[in-house]
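Trainee: Use these hints to put chain B onto chain A, whose structure you have.
The listed protein sequences correspond, in order, to chains A and B.
If you count the first sequence from 1, position 354 lands on 354 in the working numbering, and the numbers rise without skipping.
If you count the second sequence from 1, position 149 lands on 149 in the working numbering, and the numbers rise without skipping.
If you are wondering where the hints come from, they were derived from the structure by calculation, not from laboratory data.
Because the structure is a prediction, the values reported are computed rather than measured.
Treat the hints with care, since some could be wrong.
A pair counts as met if it fits within one copy or between any two copies, since identical chains are not told apart.
[Claimed, not checked] Quick list of in silico lysine to any residue cross-link-like pairs, SDA-like style, CA-CA up to 25 Å:
hint	residue 1	residue 2
1	Lys194	His352
2	Lys236	Glu217
3	Lys122	Asn369
4	Lys110	Asn91
5	Lys52	Thr11
6	Lys358	Ile275
What follows is the residue order along each chain.
There are 2 protein chains.
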Amino acid sequence: MALIVQKYGGTSVGTIERIHRVADRVARTQGEGHQVVVVLSAMSGETDRLLKLAHEVTGTPDERELDMLLSTGERVTIALLAMELRGRGLNARSFTGRQVGIITDSAHTKARIARVTADRIKEALNEGVIPVVAGFQGINERSDVTTLGRGGSDLSAVALAAALKADRCVIFTDVDGVYTADPNIVPAAKRIDKIAYEEMLEMASLGAKVLQTRSVEFAAKFNVPVEVNSSFTEGKGTLVTKEDKDMEAVAVAGVTGDRNQAKITIVGVPDKPGIAGRIFGPVAEAHINVDMIIQNIGQAALTDLSFTVPRADLKKAEPLIQRVAKDIEAKSVSITEAIAKVSLIGVGMRSHSGVAAKMFEVLSREGINIMMISTSEIKISCVIEEKYLELAMRSLHTAFDLDQTQA
Amino acid sequence: MALIVQKYGGTSVGTIERIHRVADRVARTQGEGHQVVVVLSAMSGETDRLLKLAHEVTGTPDERELDMLLSTGERVTIALLAMELRGRGLNARSFTGRQVGIITDSAHTKARIARVTADRIKEALNEGVIPVVAGFQGINERSDVTTLGRGGSDLSAVALAAALKADRCVIFTDVDGVYTADPNIVPAAKRIDKIAYEEMLEMASLGAKVLQTRSVEFAAKFNVPVEVNSSFTEGKGTLVTKEDKDMEAVAVAGVTGDRNQAKITIVGVPDKPGIAGRIFGPVAEAHINVDMIIQNIGQAALTDLSFTVPRADLKKAEPLIQRVAKDIEAKSVSITEAIAKVSLIGVGMRSHSGVAAKMFEVLSREGINIMMISTSEIKISCVIEEKYLELAMRSLHTAFDLDQTQA
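Extracted from the complex, chain A is given alone in its bound form (with noise of 0.2 Å):
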């Protein structure tokens, strides 16, 4: 006997014949001999309602009371399957965050969980009551409804699972697994079987949008089993889980796209001390993530200086960018929004070296210029033309055997 979280997403319970489906597979599970703890998202598409009415009825929502009002999705999923499973004479019961204890500082619309008390919930396994819980919620110090940000709902199973020492915490979603590259633009991806925390982290702040980063995090440092499936499939899914042997043996787990950047060049920077801190500190204080920076060195004591920074901050980056150029007396500055970061990982590139050479090798006879480069122990990134991402990320998986094998 096992106890297992399962998490079900918002389009896992987007109608009332989908969470049918879902109480079948609790059911399911739980007459398999297991103990089974429920977390589940708002119904696809409630959130959305919800945000909108939030905006006509005032431009800029106060944020405690956006937490009130879009804690109320996931109340009713959670009060509608438990009535579905109690209906099939399963005892179930629907919990709040506040009910199973996710305490959480108060930074309201995108809080962090303090600690997990899960009181209730152990009380209910202990009766065979199979706890239905809310994602995406919780309570601050003073019992006022927070809320997880987008995706929290991940990051609520995952704690509770820390909390419960759960066996497992299963991600059901509308994908079923984790791939080596996006399927929509590699065609030859195949499902991952088994991924790192590390992998997961980099492949999911790189644009996987199968797991909230947060709650890899979350699962890393409380060493909490992750299994990613499909709710609409039965079959293997990809677990998220400590490095082992298996992992280290492949160089490269996953190529990633990334098309949300933009390239910002700073000509003719006179090459001085201080100089990075006068550009990237105002940058910084406008809360403006800055990705890689180069530096070229060019004639008489002169730089060009380049970085990316996210697409959609590049309306506040620019003029700020502008001023700051005129302020150092540099030359000028230029913007390409038109790029894409081509990323591979693996924990394997630890111990495989040449992975950075036959990278640049494989863009090279493609005929893709890389106009920069970041590598991390795990990782490395390269900025290209937008245009070549497609044709990057397909040779890539090719020359790195990615690609499935035909069955």
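Mentor: Same frame as chain A, now just chain B:
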């Protein structure tokens, strides 16, 4: 400066535009120098939408889960109104039933209030905050969400007004007060300026749907002055308050009509001791509310026994009574659905004699046969043929000088 609890019903917060208007009124009341506590219902239609979802899930939804589900409706409106007020620069904050300490028993879907702490409201008021409170809901001692039954938001408002020792509790609804009769039936009906709790209770339980009965009982018990007013118009409403000299000066305060009754007659009941118990015992066990009972002495120690039950319970009552009639060897059972009850209500009846006599005379003059009569200190009711109900109400309304004087 007064402390005023304002309760807005579902139609008053049914759209974003109407929520704006509620905010106007709250702002104006505060602007006049008063402290305001706002209590809200769910947007009209929302409770029915949620109930429909529940019934799509399962035939007989669990009541604890129903409360979890239904309590979301008020959370949406309080969040929206608090946002709106804050958007205008007013310091408002939403609170759930739990957060303001509305503690109930565990009778889910129809919980009774055990006590109200109101600590966070008092604190908020001291800080100059406008508390916006979810009506209809509380928590039990286990900290599970409960709801107070249909119309429960009125009760929330009155209970909070009592706990806060508020100067007044204003119930904003879609009518501008309590009328001497239903204006749809009696066009000459006029708004009552002031009505005693007891009168209001009789009006409410006899079918005037303005205020929920339990909230009037609660107001009477704690002597909370309750004003019923329209949220759509400006002007005076009806004040529900302690009995006073003005009220006693008038014999009849209002006329009500009730069609939700059916008459059952058991013909030829042997006139033996204990027979009433054998009839009404099973009826009570089936939770059927018997209103009036009349016994006619017939010939040869046989009596006819007539009584009224809610028309909705007739299906349940009829087979039961047929069985009982057989057991006690009565002759037959006859059912009359087309009856109605017309009533006169007024605390003035205590000091005015002759009200009953005049009522009988008026009905007789119109050719209306009286089938049953019941009286209390402040009420006289007659059961008549349903088709005469409107005529009876209008005639009595005129005869007891209740018709609106033309301006």
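Trainee: For every hint, state whether the structure bears it out.
Mentor: Results of checking the hints against the structure:
1. Taking the shortest Cα distances, Lys194 and His352 sit within 25 Å of each other inside one copy (19 Å), while across copies they are farther apart (88 Å).
2. Taking the shortest alpha-carbon separations for Lys236 and Glu217, only the intra-copy value of 23 Å comes in at or below 25 Å, while the best inter-copy value is 61 Å.
3. In this homomeric assembly, Lys122 and Asn369 never come within 25 Å of each other (Cα to Cα): the closest approach is 57 Å inside a single copy and 67 Å across copies.
4. Proximity of Lys110 and Asn91 under a CA criterion of 25 Å is satisfied inter-copy only: 22 Å between copies versus 33 Å inside one chain copy.
5. For the identical chains of this complex, Lys52 and Thr11 are neighbours both inside a copy (19 Å) and across copies (20 Å), given an alpha-carbon limit of 25 Å.
6. For a Cα distance limit of 25 Å, the shortest separation of Lys358 from Ile275 qualifies neither inside one copy, at 35 Å, nor across copies, at 101 Å.
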